[in-house]
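Chemist: Throw the hints in and build the complete structure from the sequences for me.
Chains as they are written, first to last, in this note's numbering: chain A, 9 to 121; chain B, 138 to 247.
If you're looking for bench data, these hints aren't it; they were derived computationally from the structure.
Keep in mind that the hints are not guaranteed to be accurate.
Said to hold, decoys possible - Below are the EDC-like pairs computed for lysine to aspartate or glutamate, each with C-alpha atoms no more than 20 Å apart in a straight line:
1. B:LYS234 - A:GLU90
2. A:LYS21 - A:GLU60
3. B:LYS239 - B:ASP220
4. B:LYS234 - A:ASP92
5. B:LYS234 - A:GLU61
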Amino acid sequence: ETGVTQSPTHLIKTRGQQVTLRCSSQSGHNTVSWYQQALGQGPQFIFQYYREEENGRGNFPPRFSGLQFPNYSSELNVNALELDDSALYLCASSIDSGANVLTFGAGSRLTVL
Amino acid sequence: SQQGEEDPQALSIQEGENATMNCSYKTSINNLQWYRQNSGRGLVHLILIRSNEREKHSGRLRVTLDTSKKSSSLLITASRAADTASYFCATDAQDDKIIFGKGTRLHILP
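Modeler: Here's what the structure looks like:
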């Protein structure tokens, strides 16, 4: 049984660029949630995908978008990057969309210059 | 938005001592979870307590929940150097999404 894997682990972008982060969920999990964690802060909920549909969204602008694929892997896309988007992006998978235990990946650290 | 808020923000104790962290939240919940995060890595689930439970144990961890006060505490007994990490409480907000607090940074001194 594999855990949650995220790629890339680190990346550097400049303001205005676009970025795609990828996540493979744990075997048997059909729900993926994405979180943004700024340095020294708690994870902030971006959105959740359940069976390929967005199933809840936090307080993030539309330039944050996502996808979930039939194999339950997921992508997070951020357009028009801003300096404040610099953070650790965490993907977590779970069984179903309810308030279940989350299994996290190691994260993708994005630096925007 | 943050649903839970941990207290203290930071805590340093000697190895072998007990560490207690508190979490307060704002709205009613179905369950509350605690997670640990080692420096800049992914979070690891520690324990889940349901709203109809008052106390739960897992190894050296003891969690209490007081729904009337909208608060929870995490006790780590006989702390070890490996317990150095950030600890987050997480609650299910509306629509059952898991929302995290800002965390307590625990440092175990040798």
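Chemist: Against this structure, judge whether each hint is valid.
Modeler: Hint-by-hint comparison with the structure:
Taking the CA atoms of LYS234 of chain B and GLU90 of chain A, the gap is near 26 Å; set against the 20 Å cutoff, the hint is violated. A hinted pair counts as satisfied when its Cα atoms are at most 20 Å apart, and LYS21 of chain A with GLU60 of chain A does not qualify at roughly 28 Å. Distance check on the hinted pair: LYS239 of chain B and ASP220 of chain B sit about 18 Å apart at the alpha-carbon level, within 20 Å; holds. Straight-line distance between C-alpha atoms of LYS234 of chain B and ASP92 of chain A comes to about 24 Å, which puts the hinted pair past the 20 Å bound.
Simply put, LYS234 of chain B and GLU61 of chain A have alpha-carbon atoms about 15 Å apart, close enough for the 20 Å limit, and the pair holds.
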